[in-house]
Amino acid sequence: MRSREELKKLAFDAIDRRHDEIIAFADSVYADPELGFKEEKTAKKFNDLLCGLGYDTRTGVAVTGVISEKKGAKGNAKVAILGELDAIIVPGHKDADPMTGAVHACGHNAQLASVAAVAYALADTDIMNDLGGSIKLMGVPAEEYIELTYRYKLREEGKLWFLSGKEEFIRLGEFDDIDAAIMQHIIPAQEGFKAGCTSNCNGFVAKLIKYTGKEAHAGAAPFDGINALNAAMLGLMGVNANRESFRDEDHIRIHPIITKGGDVVNVVPADVRLETYVRGANVKGILGASEKMNNSLMAGAMAVGAKCDITELPGYLPVVQCDGLIDLMYDNLKELVGDGAQKYCVGFGGGSTDFGDVSSIIPGLHSYFSGATGGLHQESYCFADKDNAVINAGKALVATAIDLLYDDAAKAVEIKKNFKPEMTKEEYLRDWGKITE
24 MRSREELKKL AFDAIDRRHD EIIAFADSVY ADPELGFKEE KTAKKFNDLL CGLGYDTRTG
84 VAVTGVISEK KGAKGNAKVA ILGELDAIIV PGHKDADPMT GAVHACGHNA QLASVAAVAY
144 ALADTDIMND LGGSIKLMGV PAEEYIELTY RYKLREEGKL WFLSGKEEFI RLGEFDDIDA
204 AIMQHIIPAQ EGFKAGCTSN CNGFVAKLIK YTGKEAHAGA APFDGINALN AAMLGLMGVN
264 ANRESFRDED HIRIHPIITK GGDVVNVVPA DVRLETYVRG ANVKGILGAS EKMNNSLMAG
324 AMAVGAKCDI TELPGYLPVV QCDGLIDLMY DNLKELVGDG AQKYCVGFGG GSTDFGDVSS
384 IIPGLHSYFS GATGGLHQES YCFADKDNAV INAGKALVAT AIDLLYDDAA KAVEIKKNFK
444 PEMTKEEYLR DWGKITE
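All residue numbers in the sequence shown are consecutive under our numbering, ending with 460.
Keep in mind that the hints were calculated from the coordinates and are not lab data. Do not rely on the hints blindly, as some may be mistaken.
No more than 20 Å apart at the CA atoms, straight line, and that leaves these computed lysine to any residue pairs for SDA-like [claimed, not checked]:
| # | residue 1 | residue 2 |
| --- | --- | --- |
| 1 | Lys315 | Leu259 |
| 2 | Lys176 | Arg194 |
| 3 | Lys182 | Val86 |
| 4 | Lys61 | Asp120 |
| 5 | Lys117 | Gly398 |
| 6 | Lys283 | Thr334 |
| 7 | Lys233 | Asn318 |
| 8 | Lys283 | His240 |
| 9 | Lys330 | Phe246 |
| 10 | Lys94 | Met24 |
| 11 | Lys409 | Phe35 |
Quick list of simulated restraints, FRET-style, between CB atoms [said to hold, decoys possible]:
| # | residue 1 | residue 2 | range |
| --- | --- | --- | --- |
| 12 | Glu335 | Ala264 | 16 to 24 Å |
| 13 | Met122 | Ala433 | 33 to 41 Å |
| 14 | Thr447 | Thr334 | 20 to 28 Å |
| 15 | Gly124 | Thr334 | 39 to 47 Å |
| 16 | Glu179 | Glu358 | 46 to 54 Å |
Note that the structure is predicted; figures quoted are calculated from it, not measured. All residues carry an ideal CB built from backbone N, CA and C; glycine is no exception.
Sequences are here, hints too, so could you generate the full structure?
Structure representation (structure tokens):
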């Protein structure tokens with residue numbers, strides 16, 4: 024039996040031989056940005072790549088997801104390697120789709136390409152013959168929690184329940200047989216930083232808010248109307264008045280937007296819509312802040328005699344750290360990027376990811392690689408260091424999978440045995456998934 028180091032070298036050499044094809048795939052995905060649950064072209068590109076390498080695939084999982092599995096010599100464990108299909112909306116970005124405003128200003132194209140690198144490594148070598156488990160490659164839709172009204176309509180049509188890809192994968196049972204899940208994400212360049220094993224991330228709940236008032240002529244008879252926009256503004260003032268009550272350690276972030284402020288300027292607004300997240304570092308803090316927000320929003324309606332309807336949506340859970348996976352990844356990062364490796368990324372990540380939901384149920388690792396300039400989700404974002412964000416990332420993912428599945432998958436079995444989930448899948452579906460009921 025070959026050593027782990029020999030298997031990793033075989034995988035790395037295979038990725039290096041395919042370097043240009045892997046980078047071209049990243050660029051191709053970047054060139055066709057699509058929003059969540061609409062990633063038809065991106066899913067096809069990923070599926071075509073896998074099929075071209077001889078993989079059997081399943082498509083249309085959670086609307087647009089793509090899944091394939093490479094079996095090892097034994098079936099002692101299964102590792103999932105995840106990449107995300109969707110883009111974000113930044114209309115002012117130079118590369119944004121002129122019709123949708125979509126652009127890969129969060130690096131999911133690089134992330135998916137690093138999974139493609141793993142696919143090449145497994146297809147072009149026989150390393151699976153020396154591993155005691157399988158590797159499941161996942162192209163997952165809709166990580167960015169946006170266009171909530173559109174996604175809620177998909178739910179009403181019975182096409183999904185959750186409004187993000189990984190949450191739907193959980194519901195559909197795609198993680199039921201997974202012993203460990205790993206992925207990576209590109210972040211803007213930082214001095215001395217090339218790659219990190221993990222970072223804390225907030226969770227959140229989301230809300231769709233509708234204020235209903237009464238229409239009237241805004242100039243001739245505003246006194247006959249009930250101004251739903253004024254109700255919303257008062258509600259948001261109440262939210263702002265609560266901000267000083269949030270505990271620092273809970274890392275609460277509330278950032279609503281008004282998606283509809285009325286119909287026409289000379290009619291008192293009677294239909295006003297908002298969307299918001301309530302983010303936090305722990306579920307207790309999130310739910311506490313959420314209750315305060317609801318009270319404020321309802322008070323705004325009461326103040327002017329309007330009606331306020333709030334639809335609660337299960338957002339994402341905070342990311343749960345798995346020390347065993349962190350240790351494995353860190354050893355590989357040190358080999359790949361030397362002093363540029365960090366065990367923990369600096370600071371608290373105020374953003375959110377639906378990988379938090381996965382990591383609450385099974386052992387998970389969400390690593391980070393430097394590879395962009397500018398700011399995430401901003402017009403300044405630029406996909407820059409492709410070799411680090413794609414090639415090194417792909418090598419780190421496949422090397423960590425080898426560590427997990429080597430020696431009859433001993434490390435994967437050990438990590439899964441010692442893992443204490445925040446909740447079972449059944450509890451997740453009951454307590455988090457049904458937050459709207």
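query = Falls inside 16 to 24 Å, the C-beta gap from Glu335 to Ala264?
reply = About 22 Å separates the Cβ atoms of Glu335 and Ala264, which means 16 to 24 Å holds.
Query raised in the report: Does Lys182 pair with Val86 here, judged by a C-alpha cut-off of 20 Å?
Result: This hinted pair holds, its Cα atoms lying about 7 Å apart.
Cβ separation of Glu179 and Glu358, checked against the hinted range 46 to 54 Å: 49 Å, holds
Satisfaction of hint between Arg194 and Lys176, Cα-Cα up to 20 Å: With a Cα-Cα distance of about 18 Å, the restraint between Lys176 and Arg194 holds, given a limit of 20 Å.
Per the hint of 33 to 41 Å, is the separation of the Cβ atoms of Met122 and Ala433 within bounds?
-> 51 Å, violated
Item to complete: With a cut-off of 20 Å on the C-alpha distance, tell me whether Lys283 and Thr334 pass.
Response: 16 Å, holds
Exercise. Within a Cα-Cα threshold of 20 Å, do Lys94 and Met24 meet the stated pairing?
Worked result: Holds. Lys94 to Met24 sits at ~17 Å (cutoff 20 Å).
**Item:** Distance restraint between Lys409 and Phe35, which requires alpha-carbon spacing of 20 Å or less
**Value:** 16 Å, holds
Q) Is it true that the CA of Lys117 sits at most 20 Å from the CA of Gly398? A) Holds - the C-alpha atoms of Gly398 and Lys117 are around 14 Å apart, at most 20 Å.
*Note whether the CB distance of Thr447 and Thr334 lies within 20 to 28 Å or breaks it.*
26 Å, holds
request  = Below or equal to 20 Å on CA atoms is what counts here, so check Lys283 against His240.
outcome  = Distance of about 18 Å is within 20 Å: holds.
key: Proposed proximity, Phe246 with Lys330 (alpha carbon, max 20 Å)   = 17 Å, holds
In this structure, the hints that do not hold are numbers 13, 15, in rising order.
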